[in-house]
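> Kindly produce the complete structure, drawing on both the sequences and the hints.
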Amino acid sequence: MRALLVERSLPRFATARLASALVPGAGGGVRPLRLVDMDPPELPGPAWRRVRPRLAGICGSDLATLDGRSSRWFEPIVSFPFVPGHEVVGDVEAALPERPVGEGGRLAPDRPGPEGGPTRVVIEPVLSCATRGIDPPCPACSEGRTGSCERISFGELRPGLQTGYCVDTGGGWSVEMVAHLSQLHAVPAGFSDEEAVMVEPTACAVHAALAAQVQEGETVAVLGAGTLGLGVVAALRHFDLPGKLLASAKYPEQRALAAELGADVVAGAGEVVRAVRRVTRSLAVAPGGPGPRAPRLAGGADVVVDCVGSAQSLAEALAVVRPRGRVVLAGMPGPVKVDLAPLWQREVTLQGAYTYGTEERGGLRARTFELAFELVRSARLGRLVSAGYPLERYGEAIAHAASAGRRGAVKIVFTPQEEAPRPAPRRPAPRRPAATRLPPGPATSRRPPSSPRRSR
Amino acid sequence: MTRLGFPWRAPDWPGQLPRPVRRTLGVDYDTTWARHDAVRLARIVALGALARPALCLLAQPSVTGLDRLEGLDPPIIFAANHESHLDTPLVLVSLPPRLRHRTIVAAGADYFFDRAWKAHLWAGAIGAIPVERRRVSRRSTELAAALLEDGWNLVVFPEGGRSPHGWGQEFRAGAAYLARRTGVPVVPVHLGGTGRIHGKWRPGLHPGRTTVTMGRPLWPAEGEDARRLGARIEAAVAALADEAATDWWSSRRRAAAGATPPLTGPEASSWRRAWALGPDPDQDRWQSRRSWPLKRPQRASR
Amino acid sequence: MTSRPGFVLEVDRSTPPTLMWHGEGFRLERLPVGSRVVYPPEPVETLADPDAAIAEALEHPLGDSPPLRALLKPGMRLTIAFDDISLPLPPMRRPDNRQRVIEAVLDLAAEAGVDDVVLIAALALHRRMTEAELRHALGDRIYDSFAPCGRLTQHDAEDPGNLVYLGQTDAGEDVELNRRAATSDLVVYVNINLVPMDGGHKSVATGLASYRSLRHHHNVRTMVHSRSFMDQHRSELHSSNWRMGRYLAAQGVKVFQIETTLNNDPFPASSAFLQRREWEWTLKDRAGFLAASKALARAPERLARSLLQSINAPHAMASVQAGEVEAVHAATTEHMYRQLLVEVEGQADILTMGLPYLCPYNVNSVMNPVLVMCLGLGYFFNLYRGQPLVRRGGVLILSHPTPWAFHPVHHPSYIDFFEQVLSETTDPLEMEAKHEETFATDPWYIHLYRTSYAYHGVHPFYMWYWGAHALDHLGGVIVVGGDRRAVRRLGFKPASTLADALEMAEDIVGPDPSLTHFHAPPLLMADVR
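Residue numbers (this note's numbering), protein chains in the order written: chain W, 1 to 456; chain U, 457 to 758; chain L, 759 to 1287.
Don't take each hint at face value.
Unchecked claim - Capping the alpha-carbon separation at 27 Å, the derived lysine-lysine pairs in DSSO-like fashion look like this:
{"id": "1", "chain 1": "L", "residue 1": "Lys1192", "chain 2": "W", "residue 2": "Lys250"}
{"id": "2", "chain 1": "U", "residue 1": "Lys656", "chain 2": "U", "residue 2": "Lys574"}
{"id": "3", "chain 1": "L", "residue 1": "Lys1192", "chain 2": "W", "residue 2": "Lys244"}
{"id": "4", "chain 1": "L", "residue 1": "Lys1012", "chain 2": "L", "residue 2": "Lys831"}
{"id": "5", "chain 1": "L", "residue 1": "Lys1042", "chain 2": "L", "residue 2": "Lys1052"}
{"id": "6", "chain 1": "W", "residue 1": "Lys337", "chain 2": "W", "residue 2": "Lys250"}
To be verified - Now the in silico label distances, taken between C-beta atoms and shown as ranges:
{"id": "7", "chain 1": "L", "residue 1": "Thr888", "chain 2": "U", "residue 2": "His541", "range": "18 to 28 Å"}
{"id": "8", "chain 1": "W", "residue 1": "Arg293", "chain 2": "L", "residue 2": "His1205", "range": "47 to 57 Å"}
{"id": "9", "chain 1": "W", "residue 1": "Val285", "chain 2": "U", "residue 2": "His541", "range": "33 to 43 Å"}
{"id": "10", "chain 1": "L", "residue 1": "Ala1049", "chain 2": "W", "residue 2": "Arg293", "range": "30 to 40 Å"}
{"id": "11", "chain 1": "L", "residue 1": "Arg1060", "chain 2": "U", "residue 2": "Gly580", "range": "37 to 47 Å"}
{"id": "12", "chain 1": "W", "residue 1": "Arg293", "chain 2": "U", "residue 2": "Pro620", "range": "37 to 47 Å"}
{"id": "13", "chain 1": "L", "residue 1": "Leu1061", "chain 2": "U", "residue 2": "Lys656", "range": "33 to 43 Å"}
{"id": "14", "chain 1": "L", "residue 1": "Ala890", "chain 2": "W", "residue 2": "Val285", "range": "18 to 28 Å"}
{"id": "15", "chain 1": "W", "residue 1": "Arg34", "chain 2": "L", "residue 2": "His1205", "range": "55 to 65 Å"}
{"id": "16", "chain 1": "L", "residue 1": "Arg1060", "chain 2": "W", "residue 2": "Gly270", "range": "17 to 27 Å"}
{"id": "17", "chain 1": "L", "residue 1": "Thr1040", "chain 2": "U", "residue 2": "Pro620", "range": "47 to 57 Å"}
Derived by calculation from the structure, the hints in this document are not laboratory data. Note that CB positions come from ideal geometry on N, CA and C, so glycine has one too.
Shown next, in the form of structure tokens:
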């Protein structure tokens, strides 16, 4: 089985770190990632199924890991060597049991094809108590807050906070992986693969947006307009009633998308502080200039969602949030150096937002993934998938993902079942992701026979 | 890094023991050292070699009325109007050497003696002694009186501070009180034009011309109280101002008629008082003012 | 000194290249054969003894006004208002007209024993003047007499305590004025007229008014119907100001207007080539041009800017008239026309102009892209009488580097206007409806306007409205040599050379277009038949 494998190799991580510091995405070749032919993972238990990924997204956290930029915090909750890829839409042999584990979705699952073909599923990658066979589950899991599971390195599986960071499960960047029944969400009819692969990142965005607890009429600033940022904008617009929704976007395609998805004001790079000041009509204690020489605000936005997670974006978030406002950190940060004086002086609440679980709002409870399905459909988030690459061309794919914004793309995906390396990516990077999308046909047309060839 | 402990640092003071407070600044500053002969000599040299040429360049003083000091011996009180920090060195360098070398200056304790370095500097450079200007302080009066009795001349600015607007302020009674108490004569002095060069109301240095006019010494009369003597001093300085602006004869006639223009200027609204100061004779009305030495004006005109 | 009038040159094969300003620099451009170049008149005669002329004007005022001396009484409230930093351009050498006139007025006031005198810089919504700028305009003597006691003030259009609402004109325009001026026994307004737009009732009704009052004439509708705002008889802007001025007079605000004109001599002798016709350039002029243009092109932006901003014009007083506002302004307008008007026959398809480093709103500051638009489409385009130099649907070609640069202290609202409003719309009507109010009432802009040296929050909108007539009239605007991003943000087309710009213009106006070049500064006003 072909798979992209990340091994624990200090020199490679160090080189990748160095290369990515010089040119983002240039270290594709030196990254601790290799294309290997390996055995598919064993099924860890009876409740596990084999999944053949159709599309697997490249996430910002994957890039950080490959560039050696991610925090050492994750070391004990990751097991090497692992196959990355946690944004997965794939095929499961045969039908799923009706409503596997406490699912309450309103969407009817795909029936298996007329010839007893596979069922399309989206994987919820968090490896919580249920997947680890831990019974009784930890308090968080028993409340449905799987993202906050307290047993992430225990039980039947080796350490790994998510599918895609665990030896035992494999990951989406391969031809085959395994997933627990509780992780599988059947893709409703009418969903394209592109829409389905957007469900997992959208769930993260929904969770972050809801974590912000935006009250009606509040001003919200969303920093960053990658997949997560755009998703948060869409989620805030869909599930909340912000008074003013301001998004920051660096590139023209991102600006257009942010506005389409519901941002009232879209500020360019370096224009955020001034834009927030104007929208909130707050005073500024120093005049400042255009661009980076921004004024220092006396007031600011009620809520800031940082969808970047860099030192710069966090500093910007603290600069534009009002006293006693809230900053939701949704983008994955590494070790960052930030001046916390504003946080202290303005009594800002800094909150993390990781993955998903169960959302509660006004007495209603729903799985984040269900909300994500709903949002992907209503906001047509499938259009954010900009280009797909076969596994063999992982270097290019990762370089493309690392410079997605600059190259006018949003989400880059692998098409793991596409076998033969071909001279060009299956889909060239479109100039305007908003205007083009992967037609569902070609993605599946080259699908291998439904009975998986085992390369044991 | 470990911080250095006690033997390396000054000891802390035990909490239960009262710590004596030593006041060494302000009126309590001891200026005795500044009147030692060695310091005096240095001061004489510095005034002659530095202050005098600098003032000649900057202020171009024309000194009149020195003949009125003939035959007068220390101690003398010089009472002058006050517009500028230049006033003190200007009076000092204008005095004949025999008087200058035994002259000290009464300086505001709150302004010139509030920091150690300032106190050292002014005591050493101009022989300043601290006086309390806002109220009558026993200590500063005693000190000044003792020094007068010791044979030192004293320069006093009875206005108690530089003029904030170019017109004189009312004279305080300190100089008259000292004169009455010690029987020392008071020489009224008028300084003209120093405020335009570097005044409280005109910061920066703007070279120009100045006048120094010495008056006839005034002796405290029998039974005259300090208020009356003070008024006499103020009138004398006002007459000298008139003399410097016009000529001696007309100033005397106006003084006799009681029509000397008051030092404090006309009683009118502030803009008319300022307007009545007239244009600066040393400045071309059309030129932007260049501050000295090289401060570039906001707009170079050509 | 004989002064030759302006004229129109038709470019032929032996015409030397034409000098074109290009922001902080200038270029020589060859215009197509057959193009017409409108040259300004040379500096006119100046007053031999300005101080005597001022005294004379104060003694023998125009209109039905008694002499100033007769109006001054002890115990009265006298307010002297004067034009702010936006005039003249470039700032004139000392003594400024304002200094000469106000000193004369004050001498009379001192003689008359007037105690309650206040000076007000008539800023309207402009930035406050710095001490150095006030000293330059008024002289040290006035500054030192009035500033320390708080009698030299700057109009604050956002201080409710210092404004008084006087009512509405017949046309329903709110009139709100500086309280000190409105409650004075006499307001003496001292102005400098550089272009015919200045002066008249606009001095008090605009200079000392508030946003509430200004919005009635500083809006898109008025500006589109001011054709041009330099021609007071065809200017809705002026009609509105005149209504307000007359209303003020009816309300008992007594204004003694003193207007002065300049001789249109903006550049010092060292750079005489800037106001000399190219074919008359001497060796010295040519050397001067080469040295200056090369040095400015190579100098760092900031250095070039500060060099040019330090130019003080040798402007001299050409006339002074005092008395009743309308009579005075009629005389002033005569003078203005005499020194600025150039007769031009017919309109062209394309109008070209080189924009200099300076407009009324960036003295000692930075010419930002919004001001580039305002100078080109607002001021220069409107310097016409009769009809515009370019036909309806024609193309305007500007030459200016249009850098993406702003003065952070002077123009804070401009930055937001440029970043946030212009990226959304360049349509004056749309921005007026959607954004003007929020900028005008933004507390931060108001704070900076009142306490710092910032233009009011709404000011960039006015700059855009200033060009509304041109935007409405033109078929396209091309900026030669401008920062491409900034030019596009303005809604214009960038071109790298004049030749390219002409090619692009042909796409709009058709082949073989006629072209007129507006050869300013020095300023001129086209009388288009």
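> Starting from the hint list further up, note which numbers the structure goes against and sort them upward.
8
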